[in-house]
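Model the full assembly from the supplied sequences, consistent with the hints where possible.
Same order as they appear, the protein sequences are chains A and B. In terms of this note's numbering, the first sequence is residues 1 to 346. In terms of this note's numbering, the second sequence is residues 1 to 198.
There could be a bad hint or two in this list.
Where chain A lies over chain B, by a calculated footprint (3+ residues, C-beta under 8 angstroms) [unchecked claim]:
| no. | segment |
| --- | --- |
| 1 | 140-152 |
| 2 | 159-168 |
| 3 | 174-187 |
Don't read these hints as lab results, they were simulated from the structure. Idealized CB from N, CA, C, for every residue including glycine.
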Amino acid sequence: MTIPFKTETFRDDFTFSNSEAAIRRFPFPFDRDAYMYAVNIEQHMPGPAKSATEFPIDIDEHYVAEMADRDLVLKADPLRCQSLPHMMTAEWDLLELLMTSMARDYPEHFSLERSGREWHWINRPLGIDQRFTFEDPATLPLSPMEYITRQCQGDFCLLDQRDDNLWMDAGIVTTQADWSLDFDLGMNFIEWHGPVPLAHEIGVFERALKFLLNLQQGRPVRRLNWTMTINPRLDTSPENYHRWGIDRTTVTPDNVGDKVHLRVELQALWRLPRSNAIVFSIRCYLIKMRELVTQPKWARRLHRVLRDLPGELADYKGLTNYRETTVAWLSKYDDGAPTSPGFHPD
Amino acid sequence: MPVVKSRPVWGRLAPSPFARRHLVFCEVAGLGAVERAFAGTDSIRQRTSLNLIVPPDFAPARSERLDALGFEAVHEFPSVETVLVRLRVSLSQAAMGTLLYLAGGEAFLDQATCLAEACGVAGDGVQTEHCGSTGRRVQCVHCKGMMADVTMSPVVCDHCGLHLTVRDHYSRRLGAFQGVCADAEAPGVLPEPTRIDA
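Here it is in structure tokens:
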């Protein structure tokens, strides 16, 4: 199965859109008509065919365009990709995880041949053909983490485990929902979640940390997180907030369908074999309100979730400026009928 | 539970008799804490060197007070920047069994602990005590410029001129709180200034 990669942008003229197939596979994050934080972690098991969780690493129609956007972000701000000196083994672990997954699950696009430590990697969509020696950084044009994550959708953080905590000691972060790797680098799990409201008080982070410290090799886990973004902008970084924040004031009843996007993060975590570090991947999916309401169940449910969201959460997620307009627009698609349980469209 | 989860927690100086060398770095505001902590510890004081940031107006009465400490050595520095250069060199040459003591305002402690951590000195190897200014050190997330001793939020960035809200988010690696544009969604409309040094 060959993926038809789109030519599109996530900035300036914002030509991003989802095909009908991409809408149907969108990882809708609400399994009921209300939302509150929970430790919603589950095994990262293969999902149904063509779904976003069919394979451990999801490559979709936006792949080529997203990699071009990542390159623009890194050119403007190299601090979006950083790694502390003790993380080199984890970087190689990550490269192995991504290359083996992508080559196994998308053989028409990627291939990996290994003869001992001599590896040959081919990435057809991006036109890359690279021979290198595994664990010899001099044989790659970039550090192993930056090399492979410039070829894989999603942000990636490498978490070192020591002192009964997880430490964000490396990462590449260019499609983030308003957090800064440069600022959070070196923080532990509780520290980097510091600004999140409400969740600390209900003990979410202590429980999640305890769970993750026991994460086992070969048994990855995942969770969904969500927010909303005005315009299909991948790089909603705090670094550039003074440039994109104003977008949140541009929503009108006439443009909600095209401007307002549900932003879902498919977060997955893997234990790595050599370093004992954890990969934390944050894969961002965007869908326009106009696209979302083509699935009547999702339209009804998102209307109810947004309408009833606690104010503190709406503030934290940055929705306050356009929430009312969006709820009013979505209400046209909510006839009050009950929705079926679960994430999937009817 | 503290309101700011990543905010640093400062301690109280308590010299350990088991350390072979004692390195003290402090601001004048921290001198009282040093005097209290090292009082009556003759054998420790003989193995202690003090590195003090001395502002120009501290000259009178200075020598008496410093002499009374009875330390092995006292070095004076004109600014935080200068003393941090000495701290880096001292730590690079420090032998096993050396303890580091830091006393002063939050901005000084932020920078000094951050440098110590970068040199591999953390945990039991460093003691801190907060004295004097409670202004915070803030990094502008947009231009990455640092500001010492910030007492109000929003604050104008010294470097790029944006109005910044100081977030309750602290990086020990950078030794700073995060400042983020306060009026991005309503240019010119700023929240009521609030004190952040309480």
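Verification of the hints:
1. 140-152: holds (count 3)
2. 159-168: holds (count 3)
3. 174-187: holds (count 8)
Hint compliance for this structure: no hint is broken.
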